[in-house]
Amino acid sequence: MNRITARLAGLQEKKEKALALFITAGFPNLHDTPSIILEAENGGADLVEIGMPFSDPLADGPVIQHSSARALRNGVTLKHIFRQAGELRRHSEIPIILMGYMNPILSYGLERFLAHAGESGVDGLILPEVPLEETPRFASQIRRHELAQILMVTPTTPLSRQRMIDQASTGFLYCVSATGVTGKRSKHPDFGYVGRVKQRAKKNPVLVGFGIRNREDVRRFSSVSDGVIVGSACIEFLEKNGKRNFGRWVRSLKQA
Amino acid sequence: MTRTHRHAGYHAPDARGYYGAYGGRFVPETLIASLDELEKIFRAAQRDSSFKQEYLSLLHSFAGRPTALTFAERLTRHYKRGRIYLKREDLCHTGAHKINNTIGQVLLAKRAGKTRVVAETGAGQHGVATATVAAKLGLECVVFMGQKDCERQKLNVRRMKMLGATVIPVTAGAATLKDATSEAIRNWVTNVGSTFYVLGSVVGPHPYPLIVRTFQSVIGNETRRQLRKLTGRTPSHLVACVGGGSNSIGMFYPFFADKVTMIGVEGGGKGIRTGKHAATLSKGRPGILHGSMSYVLQDDFGQVLEAHSISAGLDYPGVGPEHSYWKDLKRVTYVSVTDRQAVEAAHRLTRLEGIIPALETAHAIAHLESLMPRTRVDDIVVICLSGRGDKDMDSYAAFADAARRKQ
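Residue numbers (the working numbering), protein chains in the order written: chain A, 3 to 258; chain B, 21 to 427.
Don't take each hint at face value.
[Unchecked claim] Facing chain B, according to a computed beta carbon distance under 7 Å, are these residues of chain A, among others:
#, residue
1, M3
2, L13
3, Q14
4, E18
5, S57
[What the hints assert, rightly or not] Derived CB-CB ranges, DEER-like:
#, chain 1, residue 1, chain 2, residue 2, range
6, A, L112, B, D68, 51 to 57 Å
7, B, H367, A, A170, 38 to 44 Å
8, B, G133, A, E95, 47 to 53 Å
9, B, D398, A, L112, 49 to 55 Å
10, A, G111, B, G133, 42 to 48 Å
11, A, S142, B, D398, 40 to 46 Å
[Stated by the list, open to error] Heads up, incomplete: computed chain A residues facing chain B, CB under 10 Å, no partners named:
#, residue
12, G63
13, V65
14, E121
15, E136
Treat the hints as calculated values from the structure; they're not laboratory data. A virtual CB, placed ideally from N, CA and C, is assigned to each residue, including glycine.
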């Protein structure tokens, strides 16, 4: 069984909610990523998303934009990311998901990218620019490499489409908490919407992401779903404090 | 609205918005429902005679169409070869072809019940055209513009503000059109319920390239009628500049099935061998930027490169997907000219024809230097004079100063 599915099933059995973290690869320093993730795992993180930096991250707010730009200045490439994933895999069984934009992947070569991802112990992909209609182009190749392809639903996704996305998604269903880019938002969160997504998702566990920043967010969103994804807030923490106490901070979220 | 042409054997885009291998929709899921709705509204508007009436009436009474087709007598004599005609989009209200599209899209926004429009702009012409129509039709308007472009196109920033638009300078990346476009899309994703994104070129996710092509086709359709009346013929050559590629698509598309040579001219910056240029079709590779598959200027790792051009409107590392398709089909030839060649051509046109062109347009004119010696006296060359140069007076002066200092 894919590590993502196994991990989420295990948590469900224990009636525990999942905590997934997003970390930009090569940030704050080029070689920090594996140790940051191990620290996070010690703090109780259940899954990790490694962000593959891109020059033009359309779906990201300022925090992840800046971390991507910094990582690119540090010289991070897909080759580094696979090496780091491989290193992490030697020390840990935490499910690893790569998240990013298509252009660097196409430039690397899709087949080569998937093969190297599989070999490095990566378990799944999140490609926010690739909507349901474009997934069939990549689906069979992604399956062949035994990678999960995690798709997103958002508050603007019609009901019938939500069902199709749930069916096409593997690993889990990514529920985007509100319209907009990653990072903090001014709007009040709509827990009712998240609850409805959870209710209708027949195939996949539902993890909620975008704008989840603190213990209260974690608690409230987890109560209506199978878990949460924390991204920009992790980057902000690392920006401010470096790796120091990152594990402790993660633990405070996990125990929220 | 101009009639949609169905050329024998040419049916692009397909139902999923593909032009051959290019185009499609590569945007966050949040926008998909909006794009579906936009396509529905656009298709319904095309069938609705009252929409067509309103659009044509605004083109005529507000934008000033039809624009003239001017015989460039002295420029023709200068080259002593084929006859040169200028399609005068510079005579449109606001000074460029951009308003053909913004009238159409802002009418669509109203039809969709949106109260707020956002736009990206490079040279500021699309921003001004959007702000103008938003003022006319009573919608709130927000324009994203790269900080660098705000500086080199100050006049247009002032115009947008006077028109009541909010201009938001974008400092990310190179602070030019690419970054302004990313920021406009992010704003749209965030405010998708109330906001209509008025896209200025034949780029972005489906159906935008189709919508912009449809509204800009008025350029080529008018040219055909006017040239037939003046000469009884169709052109032998069409020349237009290509940034994202909207004025060139508008000129070329209606002539797609004709026996006519089409040439798109990209911004060659300091020269395409220097790496400092905006010649996406000449030097890029297929990839995904701003929602569609197309040629992209990128490094070996698939990171998008900064474009370089003296022209803020051409300073973009992407290009419309249909241009990528036409390049591969070899239906259109894409070339580039340098900043210097463009500026020289602008001065030549100004002295010989009494028209100061926009820097973007000057690139198309510069290509005459290599094209005209190869034409015959009975050829007819039509240039899309996409915009006027008022906004560029500072850039022209700065270029002249820099050239003097070097001597």
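Could you tell me which of the hints above the structure violates, numbers in ascending order?
1, 2, 3, 4, 6, 7, 11, 13, 14
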